[in-house]
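Engineer: Sequence:
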Amino acid sequence: MLGKQVLIVSLMLIAFNYAANTYEAKKNQLVLEMSAREKTNCGKVTQKDLTSPLEIVYARVLTVSGTGSDLTITKNVACSRINEKNVRAHRFTCQDNLDFNNAYLLLAVRSNGGMLSSQIEYRYQEKHMKMFEKKLTTAEILKKQSFQPDTHISINKIVSNDFEQSGPENNCIKEGTYPDNLIGDHGLYVTKLVNGNSPKPTTWTRIYFDPDSVGEHLIVPV
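Residue numbers (mature numbering (1 follows the signal peptide of the UniProt record, and there is no 0)): -19 to -1, 1 to 203.
Some clues are possibly wrong.
Pairs of lysine-lysine residues, derived as DSS-like cross-links and limited to a Cα-Cα distance of at most 25 Å, are as follows [to be verified]:
1. 56 / 7
2. 29 / 66
3. 56 / 20
4. 138 / 173
5. 7 / 138
6. 66 / 108
7. 138 / 8
Restraint ranges, calculated between C-beta atoms of paired labels, are given here [stated by the list, open to error]:
8. 9 / 197: 19 to 29 Å
9. 108 / 156: 37 to 47 Å
10. 8 / 157: 31 to 41 Å
11. 181 / 20: 18 to 28 Å
12. 113 / 39: 26 to 36 Å
13. 129 / 78: 34 to 44 Å
14. 20 / 200: 37 to 47 Å
15. 59 / 200: 16 to 26 Å
16. 195 / 25: 36 to 46 Å
17. 49 / 187: 15 to 25 Å
18. 63 / 106: 28 to 38 Å
If you're looking for bench data, these hints aren't it; they were derived computationally from the structure. All C-beta atoms in this analysis are idealised placements derived from N, C-alpha and C, irrespective of residue type, glycine included.
Use the sequences and the hints to build the structure in full.
Structural biologist: Right, dumping it as structure tokens:
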């Protein structure tokens, strides 16, 4: 009997440690924790599973100099998506050490169909987005698309080594920031990275240009 109790306690400790470490980031990793859908208003507007129409393909951490809307990129670290079956935590491995001092996070989001997609309003790269390969732009496919309210991406936390940016816990429809806190279509999106907890959700701005080196300018509307 005692042996069974010890086994149960051991399994509980293992489960607790696993849950506590699920969203931790290893060195040169970036983790995006999605908002929980259960018992929150996020269930009305966010993705149900990994087969949802929108997919984050890759990320960039852009360290910049300057102020205002025209910024110069001094460090550009690309992060590729790790293929794993975790709905809540999307992991990325990055090519270099990450510098979050005066930095922005850029996300490239593609559509896999099954939603009412907008036109391409950014510098498009077929090798990443694959919309032509999947024939998502043909008239036959477009006429079958309809608006799906529960296909948005809502990011609850941005986590890396010694960095964690978070907002109100799992509040996707918050006055003053909705719908800018949601990603609802394919394209390129950026947000300013700020370490710590904020009373406001992380909001996203669509941009046209995807910089792939340093010395380029990041134009962010203010």
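Engineer: Against each hint, give a clear statement of whether it holds in the structure.
Structural biologist: Hints versus structure:
For the proposed pair residue 56 and residue 7, the alpha carbon gap of about 20 Å is at most 25 Å, so the pair holds. Proximity of residue 29 to residue 66 is assessed by CA-CA distance (about 13 Å); at most 25 Å being required, the pair is judged to hold. As the CA atoms of residue 56 and residue 20 are separated by approximately 40 Å, the hinted pair breaks the 25 Å bound. For the hint pairing residue 138 with residue 173, the CA-to-CA distance comes to about 13 Å; that is within 25 Å, so the pair holds.
Straight-line distance between C-alpha atoms of residue 7 and residue 138 comes to about 15 Å, which keeps the hinted pair within the 25 Å bound. Annotation: proposed proximity of residue 66 to residue 108 holds, straight-line Cα distance about 23 Å (limit 25 Å). Using a Cα cut-off of 25 Å, the hinted pair residue 138 and residue 8 holds, with the two alpha carbons roughly 17 Å apart. The supplied range of 19 to 29 Å is met by residue 9 and residue 197, whose beta-carbon atoms lie about 22 Å from each other.
The hint said 37 to 47 Å for the Cβ distance between residue 108 and residue 156, and at roughly 40 Å that hint holds. A beta carbon spacing of about 36 Å between residue 8 and residue 157 agrees with the range 31 to 41 Å that was offered as a hint. For residue 181 paired with residue 20, a C-beta distance near 22 Å keeps the hint of 18 to 28 Å intact. With their beta carbons about 18 Å apart, residue 113 and residue 39 fall outside the hinted range of 26 to 36 Å.
About 39 Å separates the C-beta atoms of residue 129 and residue 78, a value consistent with the hinted range of 34 to 44 Å. In this structure the supplied range 37 to 47 Å holds for residue 20 paired with residue 200, their Cβ-Cβ distance being about 40 Å. In this structure the hint that residue 59 and residue 200 lie 16 to 26 Å apart at CB holds, the actual value being about 19 Å. Restraint check, residue 195 to residue 25: a C-beta distance of roughly 41 Å satisfies the suggested window 36 to 46 Å.
Our hint of 15 to 25 Å for residue 49 and residue 187 holds, since their Cβ atoms are close to 18 Å apart. Between residue 63 and residue 106 the CB atoms are about 20 Å apart, so this pair departs from the stated range of 28 to 38 Å.
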